[in-house]
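Student: Given next are the chains, with one letter for each unit.
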Amino acid sequence: KAGVTQTPRYLIKTRGQQVTLSCSPISGHRSVSWYQQTPGQGLQFLFEYFSETQRNKGNFPGRFSGRQFSNSRSEMNVSTLELGDSALYLCASSLPSGGPTDTQYFGPGTRLTVL
Amino acid sequence: KNQVEQSPQSLIILEGKNCTLQCNYTVSPFSNLRWYKQDTGRGPVSLTIMTFSENTKSNGRYTATLDADTKQSSLHITASQLSDSASYICVVPNYGGATNKLIFGTGTLLAVQP
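Chains as they are written, first to last, in our numbering: chain A, 1 to 115; chain B, 1 to 114.
These aren't lab readings, by the way, just hints derived from the structure by calculation. Only true hints are included.
For lysine to any residue, the following SDA-like pairs were computed, each having C-alpha atoms within a straight-line distance of at most 20 Å:
id	chain 1	residue 1	chain 2	residue 2
1	B	1	A	42
2	B	57	B	31
3	A	57	B	27
4	A	57	B	31
5	A	57	B	3
6	B	17	B	63
7	B	1	A	58
8	B	1	A	56
9	B	17	B	109
10	A	57	B	103
11	B	1	A	41
12	B	1	A	60
13	A	57	B	1
14	B	1	A	44
15	A	57	B	29
Pulled out of the complex, with its shape left as it was, chain B reads as follows (with noise of 0.2 Å):
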């Protein structure tokens, strides 16, 4: 079965601090691997989108990394700011079969306090 999985549910941190979040999949055929950032009421906001060749890429404090061997992803956020406080979710495109669709992690809800 296609799914995205993440890890944690939830991650409360300080101002300033740096922290991790993770992203495992069992989508097959693999294409790209997306981070969106979603702010409470408002859409999902693209942070990254990484292809199978790509190891990491980074989005000013933002750096998002894949191992597509293992097929776990992470998204990793430095120096975090009070406006970082969102769901991040990770989704993966499922292009395979009958219908193409993205497939979305349940997210990750981050609060960043001062």
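Next up, chain A with everything else stripped away, as it sits in the complex (with noise of 0.2 Å):
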């Protein structure tokens, strides 16, 4: 079975412009996740999508965004980037049931740099 899949691995981004990253979970996975980790802060959740909802969301500005597709597939788009938001973006998979006490996959990463 394939893992957790992320594109683009790493991203060069300015000031001001707008990226999106992508996840594909691991097949029959239905549970997304999204976390931001820096050095200083460590891992932090972002967001979570469950069926295509949004069901629990940390805290974030709201340039940060995301959705997620029939096919489980999820997107995160942060918009006007600010420098602060360089950091590794990843994104982690559960079964379907998204129980507490599921276990999550992550996948590799997307490093995001912004100049």
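Dock the two chains into a complex; use the hints.
Tutor: This is how it looks when you write it as structure tokens:
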């Protein structure tokens, strides 16, 4: 079974631009979560999608948004990029039940650099 | 405030030696605690998930313990190998309130030297 895939793996943007990141979950997984990882803050939860609906949201500004498609693939968008948005963005998928003890399987991440 | 704290921040050990990583949490209500291993440049990989009623759980050379009374967990690595060099992250879900989310510790960076 293929793992979680994320595209692109690396991205360089300039301040003010917008960016869209893509995540394909493991086949059969309907829950997709997004995280931001920085050296100073560690891993922080952005949002979770389940069956095309945003189920949970972290404490990030409205510039960060996402969506999930009917095939469970998810995209994350960041508008008006700031230098502080430079980070590793990780996507994780979990089993269909989406319950509290479901194991999350992480993708390799997208490394975003904002200049 | 719901928090997860890990110690030490970093650790260097010789190959073949054992080590123990610590995690203290203040997340309430408590559902479960997870340990992840993250190799450099890769996404985290789940090692164990421990629920309230579990005291010990093993995964190969990794053994996690949980004390729900003191809100502490440890990850013990036996007979370390060079491939154990990674960041180990303790994670506790927070299912109270309006937002359900995972709360991550800042990790312990382990370096195993030959």
